[in-house]
Amino acid sequence: MRSTSTAMSPAFKMTLRVLTALALVVIYVPLLLVVVNSFNASQTFAWPPSDLTLEWWRKAADSEGAKDAIVTSVQVALIASAISLVLGTMAAMALQRYRFFGRDTVSLLIILPIALPGIVTGIALNNAFRTVFGLDLGFLTIVVAHATFCIVTVFNNVLARLRRVGTNLEEASADLGASTFTTFRLVTFPMMRSALIAGGLLAFALSFDEIIVTTFTAGPQEQTLPIWIFNNLFRPNQAPIVNVVAVVLILLSVIPIWISQKLAGATDGLAGR
Amino acid sequence: MNSAAEGTAARPHLLARFGRAAGGLPRRVSTVLHRHPRLRLGFLLGPPMLWLGVAYLGALGALFITAFWGQNPFTGDVVREWNLDNFRTLWESEVYRKIAFRTLGIAALVTVVDIVIAFPVALYMAKIASPRLQRILVIAVLTPLWASYLVKAYAWRIMMSEGGIVDDLGGFLGLDTPGYGLAATVITLAYLWLPFMILPIYAGLERLPDSMLEASMDLGAKTGPTLRRIVLPTVFPAVVAGSIFTFSLSLGDYITVRIVGGANQMLGNVVYDNVGAANNLPFAAAVATIPVVIMLVYLAAARRTGALENV
Amino acid sequence: MTHRKVRRSRIAAACAALTLITAGAAACGTESGDDDGGSDGGAGFTAPDLPQLEEIGEGEGEVNILAWPGYVEDGSTDPAVDWVTPFEEETGCQVNVKTFGTSDEAVNLVKGGGYDVVSASGDASLRLIAAGDVEPVNVDLIENYADVYDFLKERDWNSVDGQMYGVPHGYGANLLMYRTDIVDPAPTSWSAVFEEDSPYAGKITAYDSPIYIADAALYLMNTQPDLGIENPYALDEDQLAAAVDLLKQQREQISEYWSDYLKEVQAFTTGDSVVGTTWQVIANVAQGENVPVEAILPDEGSTGWSDTWMVTTESENKNCAYMWLNHIISPEANAAVSEYFGEAPANPKACDIASEGHCETYNAGDEEFAEKLWYWTTPVEDCLDGRTDVKCTDYGAWTQAWTEVKG
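Protein chains in written order, with numbering that gives the first Met the number 0: chain S, 0 to 272; chain E, 0 to 310; chain D, 0 to 406.
Please note that a few of the clues may not be correct.
Residues of chain S placed beyond 10 angstroms of chain E at every Cβ, according to the derived structure [unchecked claim]:
hint: 1; residue: Glu63
hint: 2; residue: Lys66
hint: 3; residue: Val70
hint: 4; residue: Ile78
hint: 5; residue: Leu124
hint: 6; residue: Gly137
Once the Cα atoms are required to be at most 25 angstroms apart in a straight line, the calculated PhoX-like pairs of lysine-lysine come out as [said to hold, decoys possible]:
hint: 7; chain 1: E; residue 1: Lys97; chain 2: D; residue 2: Lys152
hint: 8; chain 1: D; residue 1: Lys371; chain 2: D; residue 2: Lys152
hint: 9; chain 1: S; residue 1: Lys12; chain 2: E; residue 2: Lys97
hint: 10; chain 1: D; residue 1: Lys371; chain 2: D; residue 2: Lys348
hint: 11; chain 1: S; residue 1: Lys58; chain 2: D; residue 2: Lys97
hint: 12; chain 1: E; residue 1: Lys97; chain 2: D; residue 2: Lys110
hint: 13; chain 1: D; residue 1: Lys317; chain 2: D; residue 2: Lys152
hint: 14; chain 1: D; residue 1: Lys97; chain 2: D; residue 2: Lys317
hint: 15; chain 1: D; residue 1: Lys390; chain 2: D; residue 2: Lys247
hint: 16; chain 1: D; residue 1: Lys247; chain 2: D; residue 2: Lys405
hint: 17; chain 1: D; residue 1: Lys317; chain 2: S; residue 2: Lys66
hint: 18; chain 1: D; residue 1: Lys317; chain 2: D; residue 2: Lys110
hint: 19; chain 1: D; residue 1: Lys152; chain 2: D; residue 2: Lys390
These aren't lab readings, by the way, just hints derived from the structure by calculation. Just so you know, even glycine gets a beta-carbon here, dropped at the ideal spot from N, CA and C.
Bound conformation, chain S alone (with noise of 0.2 angstroms):
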């Protein structure tokens, strides 16, 4: 790193540390207007606010839809992710260590969820729940789908982690006669692991915030957070308070951050998206 910074110019340097400045200044002035705003006396945050109130605070610690829809969103991210944990894990084993015909389809269809536009995932989806297989939309429904376009990143985390790592301790414990599954579990599991947690938390994060894919799969009961902010958002008297809960989101946010930090270094392969 340091030998680095010996290869840029100085006047080059700076350029890159007064841009990045400038976009973090980009990236965290709308976040901060939502802080503003979760105080702001107006009900339609008429900018700039004429008086602060704490109303919509008080009003949202009593507001039980809102609760209701982050139990419902973590669970749904929780499930999904544990999903798309364990199918991404396993395509990424197969496509590292096997060479087979198709081997480009798979990792394209395992891409495909994501990379196709959210509407598309979600009528298709919603088309095929309620006339092919005749479910009823609601928590189920909701999670296949985020399970769906999660896996891809597990898979990627976990392949860049066996690509790296290589297969010799894994053969070395098979020699040793463990078998495939204690090998699994003893030996390939624990070098995957912050590749795990990396990839485990960016499905945890995507599926948290989708609202395309989850507008078409959801069942009108369930609410998952960002439903239940697009239906609130345009309540009078309610707006408000979906400020309020994204601050407090940005807030919570340091959990997942913390407990990724804990576990792993989980920054590089949180970047390893």
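Use these hints to put chains E and D onto chain S, whose structure you have.
Quick look at chains E and D alone, frame taken from chain S:
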């Protein structure tokens, strides 16, 4: 066949035999799997392919079959008679072509804006910032992802209104706010998807060994040429990978354009209006083929750069 | 309507729904009535012969309700907003509520079974009646029904041949809102948003839904009688083309189309929009924020909505269902829901309980006002105005036309 798989399969396994004698089912499965790499591949690949193949490809397939059907104007039911009417309407009506090109333009522009902003940030993060600052920056870039999409889009709406923050700041530079419209749509979308561009480029740059940069400088190259000859080619796949996100997310969006897009509409709105409002799934499916075809072409091109490995 | 999103999709869906019914009925060979949809069974279909409840017995202990968001509030959104708990305490009927976003969704859910009552908009209601999904309602058993405004009873969206299929819930109009400090002189006609070369070009707003085509048709009905538009929801191809032309001309002057109250209030607050269609509730919010706006019912009249509570045929909790129907139009509940939702109550006694000025604001009971409204109805091929020599354009055609208008 991977050499590792072949090699291990050939060796004797005392414990495995012992295990079979003990009769544990998992152990037996394990042994079988171990003996037959193909089976193991099937075991690994089966579930994810079944999931994606059935749940996803099946759904997509069903959707595009629907595009060739029609809707009964009396009952609103889908009529399963093969025809090309939906595509004919799409092709013949100028308005859909106009919307398609507009959407394409917006998606491309958003991608370019994101690349331009993300590259210097990622370069700074990967090659100049201290490891500690690097970690902080990664978190700083990720944090906005947790604030709801809708809330962020509305924040931009407020900022770009008349007399909003953009107006105030622009005043210094003698600029007006672009107001609600296509410019606002591009800015907002670029903002929303920026982290999806910064992270892959950052990861790509991190993988670039510092020694290569040094070598280039040692050989007398200036910053500019080093960037052009060493850095850009290395991060190109990462940029393409990031662009898959920014491009496809923009291509299918219908919410942001409603919030900040003024009177404009994108392909997503057409799909949404037809399926959500008019309940005309066949036509919506036909419209949906446009972004799908665009993305498939895009992915095919991206694969040549090796970018898919970086997504 | 407080939820623009909802309102909008609901219309759409509703529309789609309506399409089905009326059109379906027409296909069965039933002649369409020759009235303009103003009286019994105007849509022209035969309702299945179903019995109505003869007496209300003991409550079953629960009632499953399908409703628009905001129609059934039990305090979980806001502890202060609750007209469900008193009902549960009084009747012992536990309320399970499921909300829906569109009339289409509502119709699908009803068909799926498991629900006892549904709040249906004008378009969904007929479809449900025609399909036999909802049954006639014996209004004699509903104490509070007698209080309901007469002009809401036995209309074509809630009855067939004088037989009520539910109880009216509330209604509202699409109004013309303008910034009093900017728009001068004050407008009295929809020409404020439709005229060419408006001084407020670039600051005009309109409702973002195909159903808005009816607003243009209503304007043409008054300004271009030659087109022969009798009902803004019954447009043949030429009439639709004329409406589309008008809307395309308007498009040039539009700042943005709105579909949610937040968006519109913000636009009027900042001055990004200064004149356009609105709902009373939006005007109220804006005025509450000290934005100098006024909302009027223009000379031409306007489009609007009217909802009905209905009982499903398959219901297993009919006693509780009737109790709910009675409760929701009781002065207390009707006042609470109409205030929360932002519309005129169906029960005039609600006006004594609602906060002061509520009923005046929404013109509740003002028959002259109500007569000027064309309630949202789904356009169908079988012309709603009774014409039999032409085919009218259906909601699918309107949707594609709307895409073309926005360009």
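Those earlier numbered hints the structure runs against, lowest number first: Structure breaks hints 5, 7, 9, 12, 17 and 19.
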